[in-house]
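Trainee: The residues making up each chain are set out below.
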Amino acid sequence: MSRVEICSEQDIVLARQVARKTASGLGFSLVDQTRIITAVSELARNIFTYGIQGWMIVQELKNSTGVVGLEFVFEDQGPGIADLQLALTAGYSSGQGLGLGLTGAKRLMDEFDLQSKLGQGTVVRIVKWMR
Amino acid sequence: MDKTSLLKLGNVLILSIEGEINDLSVVSMQEMLLREVMNTSARGVVLNISRLEIMDSYMARVLSDTARMIRFMGGSTILVGINPMIALTMVDMGLDIKEVKTALNLEAALEMMKGLILLAKYPEVNA
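Chains as they are written, first to last, in our numbering: chain C, 1 to 131; chain W, 1001 to 1127.
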């Protein structure tokens, strides 16, 4: 398990490096590594852009049948998301992005879970299982 | 920390973007490139991303914006070197870079650029 604090542009790069190292260490294919790093990049940037500061926690998982997975949890104590459904609509952005950050990360991973409370913060959990 | 390199070949600028570039550097790269287009009177820009680690929605947006800015300045832009992993990921995410023409490698890009520059010079050829 490792933790990356996210409060600058360079921390987004650091989060990607940690994701790359962990995913390749576990033996994910190059395509899945690229999917994972891209999703991590989107969610780490969301923390920096909307949550101002927060952190990413990386953890290796194993399910009941022994399949290995990689879990990332992104947490911030920023303003939170007012309308979760809207935030998960492809093409919608409250910022300056393409509106594909959250939906993109969701499409790239096997599991995606978003929880947010206004004024309290946001937690996004993503998992990729090894094929 | 040199994350980009710029080459001039005739009236074409070739910008290569390297692996682990951060968001701030991407923006300063964009400004530097537009200045160079102005200063060198370049007619075309080839953006080589074959050594880019990933393409996320931010990078896609900056590349697309940059191509549009270069078009406003009278130039053409070709994106080159999208590897299979990045192509797969972009389709998974639903990312597209509509403003930009793409080529498989530098050689193909330079060949295509000749045509684009000619077309910009004699637009009636297209009619």
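Don't take every hint at face value.
Unchecked claim - Within a straight-line C-alpha distance of at most 20 Å, the following computed SDA-like cross-link-like pairs (lysine to any residue) qualify:
| no. | chain 1 | residue 1 | chain 2 | residue 2 |
| --- | --- | --- | --- | --- |
| 1 | W | LYS1003 | C | LYS106 |
| 2 | C | LYS106 | W | LYS1008 |
| 3 | W | LYS1098 | W | ALA1120 |
| 4 | C | LYS21 | W | ASP1096 |
| 5 | W | LYS1101 | W | SER1025 |
| 6 | C | LYS21 | W | ARG1061 |
| 7 | W | LYS1003 | C | LEU114 |
| 8 | C | LYS62 | C | ARG20 |
| 9 | C | LYS106 | W | VAL1026 |
| 10 | W | LYS1098 | C | SER8 |
| 11 | W | LYS1098 | C | GLY91 |
| 12 | C | LYS106 | W | GLY1019 |
| 13 | C | LYS106 | W | LYS1101 |
| 14 | C | LYS106 | W | MET1085 |
| 15 | W | LYS1003 | C | ASP110 |
| 16 | W | LYS1098 | C | LYS21 |
| 17 | C | LYS21 | W | MET1085 |
| 18 | C | LYS106 | W | SER1016 |
| 19 | W | LYS1101 | W | LEU1116 |
| 20 | W | LYS1008 | W | LYS1114 |
| 21 | W | LYS1003 | C | GLN10 |
| 22 | W | LYS1098 | C | ARG20 |
| 23 | C | LYS106 | W | GLU1018 |
| 24 | W | LYS1114 | W | VAL1091 |
| 25 | C | LYS21 | W | VAL1026 |
| 26 | C | LYS21 | W | LYS1008 |
| 27 | W | LYS1008 | W | LEU1024 |
| 28 | W | LYS1098 | C | GLU9 |
| 29 | W | LYS1008 | W | ASN1022 |
| 30 | C | LYS21 | W | ARG1068 |
| 31 | C | LYS106 | W | MET1073 |
| 32 | C | LYS106 | W | VAL1091 |
| 33 | W | LYS1003 | C | ALA90 |
| 34 | W | LYS1003 | C | LEU14 |
| 35 | C | LYS21 | W | GLY1094 |
| 36 | C | LYS106 | W | MET1032 |
| 37 | W | LYS1003 | C | GLU9 |
| 38 | C | LYS106 | W | TYR1058 |
These aren't lab readings, by the way, just hints derived from the structure by calculation.
Trainee: Now tell me if each hint is right for this structure.
Mentor: Taking the hints in turn, this is what the structure says about them:
no.: 1; hint: W:LYS1003 <-> C:LYS106; verdict: violated (29 Å)
no.: 2; hint: C:LYS106 <-> W:LYS1008; verdict: violated (40 Å)
no.: 3; hint: W:LYS1098 <-> W:ALA1120; verdict: holds (19 Å)
no.: 4; hint: C:LYS21 <-> W:ASP1096; verdict: violated (28 Å)
no.: 5; hint: W:LYS1101 <-> W:SER1025; verdict: violated (23 Å)
no.: 6; hint: C:LYS21 <-> W:ARG1061; verdict: violated (26 Å)
no.: 7; hint: W:LYS1003 <-> C:LEU114; verdict: violated (34 Å)
no.: 8; hint: C:LYS62 <-> C:ARG20; verdict: holds (19 Å)
no.: 9; hint: C:LYS106 <-> W:VAL1026; verdict: violated (25 Å)
no.: 10; hint: W:LYS1098 <-> C:SER8; verdict: violated (30 Å)
no.: 11; hint: W:LYS1098 <-> C:GLY91; verdict: holds (15 Å)
no.: 12; hint: C:LYS106 <-> W:GLY1019; verdict: violated (24 Å)
no.: 13; hint: C:LYS106 <-> W:LYS1101; verdict: violated (28 Å)
no.: 14; hint: C:LYS106 <-> W:MET1085; verdict: holds (17 Å)
no.: 15; hint: W:LYS1003 <-> C:ASP110; verdict: violated (32 Å)
no.: 16; hint: W:LYS1098 <-> C:LYS21; verdict: violated (32 Å)
no.: 17; hint: C:LYS21 <-> W:MET1085; verdict: holds (17 Å)
no.: 18; hint: C:LYS106 <-> W:SER1016; verdict: violated (30 Å)
no.: 19; hint: W:LYS1101 <-> W:LEU1116; verdict: holds (10 Å)
no.: 20; hint: W:LYS1008 <-> W:LYS1114; verdict: holds (14 Å)
no.: 21; hint: W:LYS1003 <-> C:GLN10; verdict: holds (13 Å)
no.: 22; hint: W:LYS1098 <-> C:ARG20; verdict: violated (29 Å)
no.: 23; hint: C:LYS106 <-> W:GLU1018; verdict: violated (26 Å)
no.: 24; hint: W:LYS1114 <-> W:VAL1091; verdict: violated (29 Å)
no.: 25; hint: C:LYS21 <-> W:VAL1026; verdict: violated (23 Å)
no.: 26; hint: C:LYS21 <-> W:LYS1008; verdict: violated (36 Å)
no.: 27; hint: W:LYS1008 <-> W:LEU1024; verdict: violated (24 Å)
no.: 28; hint: W:LYS1098 <-> C:GLU9; verdict: violated (26 Å)
no.: 29; hint: W:LYS1008 <-> W:ASN1022; verdict: violated (24 Å)
no.: 30; hint: C:LYS21 <-> W:ARG1068; verdict: violated (35 Å)
no.: 31; hint: C:LYS106 <-> W:MET1073; verdict: violated (37 Å)
no.: 32; hint: C:LYS106 <-> W:VAL1091; verdict: holds (13 Å)
no.: 33; hint: W:LYS1003 <-> C:ALA90; verdict: violated (31 Å)
no.: 34; hint: W:LYS1003 <-> C:LEU14; verdict: holds (15 Å)
no.: 35; hint: C:LYS21 <-> W:GLY1094; verdict: violated (26 Å)
no.: 36; hint: C:LYS106 <-> W:MET1032; verdict: violated (34 Å)
no.: 37; hint: W:LYS1003 <-> C:GLU9; verdict: holds (15 Å)
no.: 38; hint: C:LYS106 <-> W:TYR1058; verdict: holds (16 Å)
Of the numbered hints stated above, those contradicted by the structure are hints 1, 2, 4, 5, 6, 7, 9, 10, 12, 13, 15, 16, 18, 22, 23, 24, 25, 26, 27, 28, 29, 30, 31, 33, 35, 36, listed in ascending order.
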